[in-house]
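If you read the protein sequences in the order shown, they are chains P and U. All the letters of the first sequence, read from the start, carry residue numbers 9 to 353 under the working numbering. All the letters of the second sequence, read from the start, carry residue numbers 9 to 353 under the working numbering.
Please note: incorrect hints may appear among the correct ones.
A pair holds if it fits inside one copy or across any two, identical chains being indistinguishable in the list.
Calculated pairs, PhoX-like style, for lysine-lysine (alpha carbon to alpha carbon, straight line, at most 25 Å) [said to hold, decoys possible]:
1. LYS33 to LYS132
2. LYS301 to LYS204
3. LYS313 to LYS35
4. LYS204 to LYS339
5. LYS18 to LYS55
6. LYS308 to LYS204
7. LYS53 to LYS35
8. LYS40 to LYS55
9. LYS40 to LYS23
10. LYS262 to LYS308
Everything labelled a hint here was simulated from the structure, so no lab data went into it.
Protein chains: 2
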Amino acid sequence: MSPAPLDASKLTITKTTTPKELLPKEKLVFGKSFTDHILEVEWTKEKGWGVPTITPYHNLSLNPATSCLHYSFELFEGMKAYRDSEGKIRTFRGDKNMERMNRSAKRAALPTFDGEEFMKLIDKFLTVEERFVPTGYGYSLYLRPTLIGTNVGLGVSAPDHALLYLIASPVGPYFSAGFKPVSLEATDYAVRAWPKGVGAYKLGANYVSCIEPQMQAATRGHSQNLWLFGEEGYITEVGAMNVFFAFVNEDGTKELVTPPLDGMILPGVTRDSTLELARAKLDPKEWSVNERKLTIHEVKERADKGELLEAFGTGTAAIVSPIDNIEFNGKNIKADCNRETFVVK
Amino acid sequence: MSPAPLDASKLTITKTTTPKELLPKEKLVFGKSFTDHILEVEWTKEKGWGVPTITPYHNLSLNPATSCLHYSFELFEGMKAYRDSEGKIRTFRGDKNMERMNRSAKRAALPTFDGEEFMKLIDKFLTVEERFVPTGYGYSLYLRPTLIGTNVGLGVSAPDHALLYLIASPVGPYFSAGFKPVSLEATDYAVRAWPKGVGAYKLGANYVSCIEPQMQAATRGHSQNLWLFGEEGYITEVGAMNVFFAFVNEDGTKELVTPPLDGMILPGVTRDSTLELARAKLDPKEWSVNERKLTIHEVKERADKGELLEAFGTGTAAIVSPIDNIEFNGKNIKADCNRETFVVK
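Hey, can you work out the whole structure from these sequences and the hints?
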């Protein structure tokens, strides 16, 4: 018998008998409180995908020799479910997350799955957890699809057991400062990703190495690192966000720039949406919208000349976060977040 | 009250009431069967290191939002306990592992600890598990100290909860082929590590990205990848092993070469021992022992000229593994593993 594909129609649901009290919105800390349930699907190399279950939120029981605890067989996605103006629950471009999750899975030697089937399961999960989707500008239910290797053993090889699961957390702003501009440190003493590496995949492995530099940057008053690459100081991304810069040229035309998908940055869904919206909505006589390489030196020079209009980060968790300062080599590059730079057609 | 340091004297031991039957040596698969107990110490940012415990081997109960499952807050060491000629149990250079584990912990924003105290705990653990230390050439008890972030939450920040634990597995040869020469693929289509990255730390994050290329190499008959770096094709390491080459020069003198500790390779304990032994035992009139950069092209050219005497990998799990073939760009570089290259003083 060939291994079974992921099949949403097999879902079984066991609802909690002890539903949680909803937290008031002002008490929501990003990713700290969770809904009542967890969605899980086990996979084995031999049998393929098993029966999807929604059960009361519970701890995972893992052998201490499980591969995800030793060799980082783990990847995830970040998605959000919102209430629309009629109160209906909508997920934002989940198909993009499913595509990316499968790309990550392939690179991490973990099993792939039918993204449409998993989206069906997520929709069922949202029906069960409906009351946890908050209302209000900037509030949403953050969804965390996760895939981990669950084979037991210390030999380093592709997992023959895995667990796909989904948990969800009602959230407001990602940064603890709230919906306020963030300050970044342009970092070249550590490197997040490199050519032919895994920086373009949403693997846990891309995060652990960024925390110690993030702590260093925090001591200097910055909430995140702007990761540079190479002697040229190419700008890549912010770890939790992709990054955009708006410049005005000498002739008065303007440019919105973000680094290209060169394998070293995460192909963000919000990045993609931002580019699509900018190309659709900004006046092409006034604006050019470019995915191109740019260096921290270009940003510094143009800021010095008064040509840097705005800078912002994009990400599912961070949404669109204005950047008002970037420190590089002890000097601050200031961006003004109070302009009305983007006037749509 | 300041956070408590790791204190071995606080250890509590609860022995199993259902001891496992020992497997016969020929049934030992690397890292597949474990001893009766697990050593654990919890850490919190507030209280520091808690009471170390040795209890019956058991699963870990982890909230599905635990940081080690999302952001790869996980690192480990590999050590071995052997029986000496008098049957006494000895660990091999554990102080080196403790140093490296603390370096890894610092880089991964996980807590550091007093390595001497942890070694005392490991010695206690070995007293409890004595019957699992096998006898015989190439057999040992593989020890796996592990440190994971156990804080619950999806914000990406330094863990304020962690778990240090030790499990152990009686082992024979690492490679399933047994104590036989291995064939490598020299790989340049994927890159393991980068300057200013984390390739020199024993983080789980360094392993996940190597498996998909390892599977590709396996389809071509190779058991491991020899990771190249840069357009020059610099040789770095093998993921599970450091790598050494022995050359004979035109004037008949010989050279033992291994790549230098440039931040891109793991500073292996067996690598270090091999260098120490080679420097102490090989005749310096005949041999030079060098940590220097070398490229796959140099190895190929010198093999073509008959100047490649031997190649081997070193690692705690792999011990010293002869390499009899390296495929690069579809061509095979053969090494002869049956010479008596290394005649000690």
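Quick rundown of the hints versus the structure:
For the homomeric pair LYS33 and LYS132, the shortest alpha-carbon distance inside one copy (24 Å) is at most 25 Å, but the shortest distance between copies (50 Å) is not. When the C-alpha separation of LYS301 and LYS204 is checked against a cutoff of 25 Å, the pair qualifies both within a copy, at 17 Å, and between copies, at 21 Å. With identical chains, the CA atoms of LYS313 and LYS35 are never at most 25 Å apart, being 43 Å at best within one copy and 72 Å at best between copies. Taking identical chains as interchangeable, the C-alpha atoms of LYS204 and LYS339 lie at most 25 Å apart only when they sit on different chains, with a minimum of 22 Å there against 32 Å within one chain.
In the homo-oligomer, the alpha carbons of LYS18 and LYS55 lie at most 25 Å apart inside one protomer (15 Å), although the nearest pairing across protomers, at 46 Å, exceeds that limit. In this assembly of identical chains, LYS308 and LYS204 lie within 25 Å of each other by CA distance solely across copies; the values are 23 Å between and 29 Å within a copy. In the homo-oligomer, the alpha carbons of LYS53 and LYS35 lie at most 25 Å apart only across protomers (23 Å), although the nearest pairing inside one protomer, at 42 Å, exceeds that limit. For a Cα distance limit of 25 Å, the shortest separation of LYS40 from LYS55 across copies, 21 Å, qualifies, whereas the shortest one inside one copy, 35 Å, does not.
For a Cα distance limit of 25 Å, the shortest separation of LYS40 from LYS23 inside one copy, 21 Å, qualifies, whereas the shortest one across copies, 36 Å, does not. For a Cα distance limit of 25 Å, the shortest separation of LYS262 from LYS308 inside one copy, 17 Å, qualifies, whereas the shortest one across copies, 53 Å, does not.
Checked against the numbered hints above, the structure violates only hint 3.
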